[in-house]
Amino acid sequence: MTERAPIIVVGGGHNGLVCAAYLARAGRRVLVLEAAARAGGCAATHEFHTGFKVSSIAHLLYGLDAQVAGDLNLTQHGLVLAQQNLRSVALHPAAEALVFEGDSVSGAGLAAADRDAFRRFIAARRRFAAVLASWHAAPPPRLALHGWRDALPVGKLGWSVRRLGRKEMRELLRVATMSVDDWLNEYFTNARVKGALALDAVLGARAGPRSGGTVFTSLHRAAGGGSYAVPQGGMGALSAALAHAATAAGAEIRCQAKVAGFEVVAGRVSGMRLASGETLACSAVVSALDPQQTLLGLLGARHLEAEFARRVQHVRATGTAAKLHLALSRAPEFHGLKTQDLGQRLLIAPDADYVERAFNPAKYGEYSPQPVMEVHLPSVHDASMAPAGQHVLSAIVQYAPHNLAAGWPAARSRFLETCLETLSRHWPGLRASILHAELLTPADIAGRVGITGGHWHHGELALDQYLMLRPVPGAAQYATPVGGLYLCSAGTHPGGGVLGTSGRLAAAQLLAREAAP
Amino acid sequence: MSAAVKSRQRYDAIVIGAGHNGLTSAAFLARAGLKVMVLERNSYIGGAAVSRELHQGWIYSNCSYVCSLLRPEIYRALDLARHGLQIVPYGGGVTFTRDGDYLGGYVDKDVKRREIARHNAHDADAWQRYSRDTMRQCRFIRSLLLRTPPDPTSLKLRDLRELLYLGKRFADLGEQGIYDTIRFYTLSIADYLAEYYESDLVRANFSGSGIIGTALGVHSPGTAYVLLHHYMGDVDGQAGAWGYARGGMGAVSKALAGALQSFGGEIRTDAPVEKVLNRGRQVTGVVLASGEEILADRVLSNLDPKRTFLGLLDQKSLQPDLVAKARNFKIRGSSGKLNIALDGLPEFPALGRNHPLHCGDLHFLDSMARFERAYDDWKDGRWSRDPYLDLLIPSMTDPTMTPAGKHYMSVFVQYVPPKVQGRDWTQADRDAFRDTVFDQIETQSPGFRKLVLHAEVRTPLELENEVGLTEGNIFQGELTIDQLFFNRPFPGFAQYRGPLRGLYLCGSATHPGGGVMAAPGANAAREVLLDMGQPEGVPEGWSDD
Amino acid sequence: MMTREHYQHAVYPTPFHPRTSAANKLNLWHRWKDCTVADAYTDVSLEYTALRNACTVFDLSPMTKHRIDGPDALAFMNRLVTRDVAKIKPGRVGYTVWCDDAGQVIDDGTIFHLDAGVYRLCSQERQLDWLQDSALGFDVRIHEETTEVAALALQGPTSCAALKCLGLTGIETLPPFGMRSFPFAGTQLQVSRTGFTGDLGYELWIEPGQALELWDRLFEAGSAVGIKPMGTLALEMSRVEAGFIQAGVDFLPADRAVRPGRTRSPFELDLAWLVDFSKPNFTGRGALLREQAQGSRYRLLRLDVEGNKVAKDAFVYNGRQKVVGVVTSYVWSPAVKASVALASVETPWGRADDELWVDIYYQKELQWNRKMARCRVVAGPFYAPARRKMTPAPEF
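Protein chains in written order, with this note's numbering: chain A, -1 to 515; chain B, 307 to 851; chain C, 4 to 399.
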């Protein structure tokens, strides 16, 4: 008996690996094709300077699907957390840092009213984020409301809101579409608290705190539990554990196998061409690449119907986040930062207007002259990341739009300079301590990991691209209109962040629809 | 207050504020047989729908200036034509380009299509699809305009029935239609337009409607919806068409007042209300600034909820939660206006003479970036250096506005902040603001300044002080989705009833919001009558389009 | 036409306007998109008679025309329309419809395979955006050429004879849906054996500069065989007799339907023969497959209405009681002496033993009457003279 062709998972990012692991555990023959030399995608670690390692793109874990971690026994497959429950620390060039931990915030000059408001704010955010989290656990329903049966899953979504009670339900319906700036203003007077919380809402987004829908992005981030962790060895260690789990379950992972296109026979994906010219047959395909690249690039619009293809084409996916990596000869001394907080999640977003002003240029294809940052020094708690006594600084820097009008080749060094200048304001000794600097713009990320627009979330996380609208209606339940082709990237529900949920839910859909041999 | 004068008269209902919604509410209540009194602070009625002679011989529609949203059901039910109202459609509009050309929005569909094709052939045919999709949204929302929003948290029969109606309207859109609708309500006007049009000019031409009166930029999510407040109206079934009220927007108020009076209702001007009176949870009347008390079991406020709840009510009677809600209600001033008396007709060389669109809406922003930068200026607390103007010369269409041969120009300006960098407007600011606007007009109409005989400069401050619109917000509250439908003005208060028995809101701060639509006033009156056991007093929408 | 001043004329003349206006004794015009065409020239029934008895000329220049070429032209066309374009060989013409994703008809029209891999799509509506958006992922060029090609429909039993008199040697051998080029006045005259009348007939395509020359020489050549100009009113009579549907009349183009459920699929327009599921992917395929499996909502019926009153704006009843549909087109057919109509009827009505009636309101000398008229469902066209399919084409 000849063995049936495998299910091919395109792309060995975390969602691809999760999906492969689930499929393999269900007894399916699975082959993962990864273009790079090692699986990992956005969850990777690389050595950017001799002896200095850094998480290449994503650098903090804040919502890894607990069910994935449990089902796949990631701990057993080698995942060790170097840090958990990171504190968030809002830096200021001229004042003591504010420290956010759980539902309390501390720092000099904080009014009792703001501390109290913070507690109430976190409680509200948790309450509403829990509703989102409940939606994230399952595939989004379709809205084909032909009868009661169709309305049932929608009713379930509604019930999760109704269950909050009358007062909170009303509040969620009110705030869900608001701008985070308006929401914060209802709670706080302290500008720095607002700045830090505003940054949470816009990290990875092509939006500023005054953009409508940023309460939603804030809740989406909090839906993962709202706490941050760092794997020992960087994010690559998570991917290594996932890869280990997948291969242990029987999946095969082939690296340096870049897929060039899909073969379609009678409306069904039957195989694929590799960049090397090799062709592979498959029984089904799950793509962990972003939906646009999968559907318009590898598959090709001609295999789709015209309106569907147009919707895919219009998925909003312009990355605005750059990544800065510094190899430092010594431990940084940020102004107002206590030594014990050096390894925490450091934020440069002194107030919400600063964040908004940083966003303004992105609208015109320009980078922020005064960017916002989320900074982490993995070497503080993980000696494997840098030589002893030396450190690695990893920062997400916004806004650096993918579609820079001036072009990134021309602007790269100027933007790096801008980043260093911003950091120097908090640590004047920075420049003298830099051994090496690496800047990854969204254009670099697009090239390096192969994401359309260099957008981490494989498509903007926004209300118009959420739930049954993600990535587009007609592909929001992981299956695409083309037989045997599934999506499992962050471009599908529930979206971005290193969650693994898309991979898990996509695998379940595939298993339900594609009969076992 | 010790010398409180008690009016001898008792009314069934008092309406605070003679804006178009207040007058509409009052007229419907009077029609249903109630004894109604409308109290107006100013010496003239109309609120923001007024015709004022601020330069001798010139009539200005000095706040609202065009009319399309006024619901025909109300027009007819109150017999406004008999009370002198005449709506005159005007033709199209223009977006000027910086290189001396323009994009004309001709009334004739084929000519308009050709005009778009002159700039971008693809977009000319995409316009068809854009119109279709936007009309779909108009149809959806129109069916909700003359209805009270349900409370989604309520299990009352009526709310459940209304929710079911809403669900059915939603289901009728079809699966893809539902997705499109959700997206429409959450997209920015820029992203919405990008799904149809390639050309930046064509996009810019259509984006003004997404930000007029709104403290958001074209890239802000939620602005696609604002489009509807400029498209959902119609003049005699021509959806999206705009017209003038002959004689200026005061003609709308005058006709409503005429209807009210024909039903026996009364109006008192120069009668600012100081407080709403209550006994326990029941409203008992109002007291005027003069100290005079007027009694009534029902008080309808045409003012926004901030002014009504925080300004007119006994604060002790309010729940702290409600105070917070009223404070958090977003009413942002973002618009200004110039009313200009002209010695002659200004020419626009790009158009040449006798161009049919000369009498339409003239616009000057030809790129999305210019729109967005105009908003960025406002965020920084200053008026836009390169603002979005909606310029009209009503006297080209309406011969009653000026002496023959002279002209009246109405220039709506977006964005203008209620305060300049946090401080109050000064005369110097006002002059500089006026010059900003004049400069932009001059770019397309050289020599325009020489025609100016008089210019009334209206910043949000004037709108607030004269009309009582908080921050000068023309919609009496931002039209963002968190403040729409059952969230307007805020959850729990979207059914026109205030925190006291007998207290109602009837202004644009309630569903379905701003524009000279009169629907909030009609809906509020319906609720009052419903509470009195008269369910048939106010028409619901014609649901057969 | 693309100058800034185009607005000064809301409506434009076609390249034949100097001749059509001179011939238009009634000064009756009809707006067709950017242009005017004659509704009638002398008398509608005489024009109709000329069409069925001799031959007539109709100015169809305003017809929307798109040229499509490039390496992926065939693949693009096949993804666009419902039929298999690979079967339309160079020099051939094919009637087709195209749908949106929901399988609802956007428009119908004809595909002219001008040259290997070069197509012209003729349609009622403009749809450059739909064509361009559909071209995502295809290497094709799409060019709107409506004003670059002037066109006349020469229809009727003596149409072939008229063309022979014009010097188009061998034209009689051109089969239906065939296309041939002839040198003419220093340019090429393209002749296709196509039309909208259900009769023997041709459509002539030429550069606008030679339009008047074509008109003059055609009328000169046809004078011996009774050639006459014909307007849209007589054309409408003939197309209903032929049982042809028209966009905006018998179906609502899907790209302009505001209200859900108002559009029709090819199956619902009796055009199942145009849907080819054996060819590669095309837009609407998924929905049409589902419809094929689950059944359609409507069907298009050709009705022969009892009596002599036309079924104008009439509802269709089943068993005189239940409204089951509406008449979309109607005419008194002089050819078959019957009141005939096209109707859209809900499924399953219109089955062999269903009794269909139409509700007719008519007036004689301002007195209004109402009449229920029984209908017979007719398969195929109401009037189909054998000459329309004969090759070689007959002389008369």
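Mixed in with the good hints, there may be bad ones.
Quick look at which bits of chain B chain A covers, simulated, 3 or more residues with Cβ under 8 angstroms [claimed, not checked]:
1) 478 to 485
2) 793 to 804
3) 811 to 822
Simulated crosslink set (DMTMM-like; lysine to aspartate or glutamate; CA at most 25 angstroms straight-line) [unchecked claim]:
4) B:Lys612 / A:Glu169
5) B:Lys415 / C:Asp42
6) C:Lys374 / C:Asp356
7) B:Lys418 / C:Glu8
8) C:Lys36 / B:Asp416
9) B:Lys725 / A:Glu169
10) A:Lys165 / B:Asp465
11) C:Lys392 / C:Glu151
12) B:Lys418 / C:Glu151
13) B:Lys612 / A:Asp101
14) A:Lys154 / B:Asp478
15) B:Lys685 / A:Asp180
16) B:Lys756 / B:Asp730
17) B:Lys418 / C:Asp75
18) B:Lys636 / A:Glu436
19) B:Lys415 / B:Asp385
20) A:Lys154 / B:Asp486
Some, not all, of what chain C presents toward chain B, calculated at C-beta under 8 angstroms [to be verified]:
21) Met5
22) His9
23) Lys36
24) Leu131
25) Asp132
26) Asp258
27) Pro388
These aren't lab readings, by the way, just hints derived from the structure by calculation. Glycine is no exception: its CB is placed at the ideal position from the N, C-alpha and C atoms.
For this session: Provide an ascending list of the numbers of those earlier hints which the structure does not satisfy.
Result: 3, 9, 11, 13, 16, 17, 18, 19 and 27
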